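All chains, please: the whole structure from these sequences, using the hints.
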Amino acid sequence: MAKKVYKSDLKKRGEDFEKIEQSSQFQELMAAKRKFLVPSIILFFGLYLLFPILISYTNLMDAPAIGEISWAWIYALLLFIMTWVMATIYMKKAAAFDHMAEKIWKEDDLDRREAQ
1 MAKKVYKSDL KKRGEDFEKI EQSSQFQELM AAKRKFLVPS IILFFGLYLL
51 FPILISYTNL MDAPAIGEIS WAWIYALLLF IMTWVMATIY MKKAAAFDHM
101 AEKIWKEDDL DRREAQ
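Mapping the sequence shown onto the working numbering, position 104 (from 1) lands on 104, and the numbers just tick up by one.
Bear in mind the hints are in silico, worked out from the structure with no lab data behind them. Among the clues, some could well be false.
Subject to a maximum C-alpha distance of 20 Å in a straight line, what follows is the list of computed EDC-like cross-link-like pairs (lysine to aspartate or glutamate) [unchecked claim]:
| id | residue 1 | residue 2 |
| --- | --- | --- |
| 1 | K92 | E28 |
| 2 | K93 | E28 |
| 3 | K103 | E28 |
| 4 | K93 | E18 |
| 5 | K35 | D98 |
| 6 | K19 | E107 |
| 7 | K106 | E21 |
| 8 | K92 | E21 |
Simulated restraints on C-beta separations [unchecked claim]:
| id | residue 1 | residue 2 | range |
| --- | --- | --- | --- |
| 9 | A31 | K92 | 12 to 22 Å |
| 10 | A101 | T58 | 39 to 49 Å |
| 11 | A63 | A32 | 14 to 24 Å |
| 12 | E107 | L78 | 35 to 45 Å |
These figures come from a predicted structure and were not determined experimentally. Note that the Cβ used here is the ideal one computed from N, Cα and C, for glycine as well.
This is the structure:
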């Protein structure tokens, strides 16, 4: 059976979230996320979009790098490696962000399940 939710409960919960949003810990969390995510996204898309540009508009990728293997194949392989490395780094950073968020919840005496 579903638990009844009253408007007064929603209003209090909204006030709690506003309080959290204005807290210094939450602002630090959001700043840390931005500091990590913005450069990561720019780096990823920059390197990813550079590949078709270099292939289409230059002859750099046609040159042999190792034997018959051209630079295009090496760059493509490096894109796969970069994706795995960035995913691993993101998983570690996300765990740290989750820890920071959990700390904020606990400091404000909020039960995470109540918010869902």
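Now for the hints, and whether the structure bears them out:
Restraint check for K92 and E28: satisfied, since their Cα atoms lie roughly 18 Å apart, inside the 20 Å limit. Of the pairs offered as hints, the one joining K93 and E28 holds, with about 14 Å between alpha carbons and a cut-off of 20 Å not exceeded. With a C-alpha separation of about 12 Å, the suggested pair K103 and E28 falls inside the 20 Å cut-off, and the hint holds. With a C-alpha separation of about 25 Å, the suggested pair K93 and E18 falls outside the 20 Å cut-off, and the hint is violated.
At most 20 Å may separate the alpha-carbon atoms for a hinted pair to count; K35 and D98 meet this at roughly 16 Å. As the CA atoms of K19 and E107 are separated by approximately 12 Å, the hinted pair is consistent with the 20 Å bound. The suggested pairing of K106 with E21 holds, with an alpha-carbon distance near 14 Å, which does not exceed 20 Å. The suggested pairing of K92 with E21 is violated, with an alpha-carbon distance near 24 Å, which exceeds 20 Å.
Between A31 and K92, the C-beta spacing of about 18 Å keeps the proposed range 12 to 22 Å intact. Taking 39 to 49 Å as the suggested C-beta distance range, the pair A101 and T58 conforms, at roughly 45 Å. Checking the proposed 14 to 24 Å range against A63 and A32 shows it is violated: the Cβ atoms sit about 42 Å from each other. For E107 paired with L78, a C-beta distance near 43 Å keeps the hint of 35 to 45 Å intact.
Comparing the model with each numbered hint stated earlier shows that hints 4, 8, 11 do not hold.
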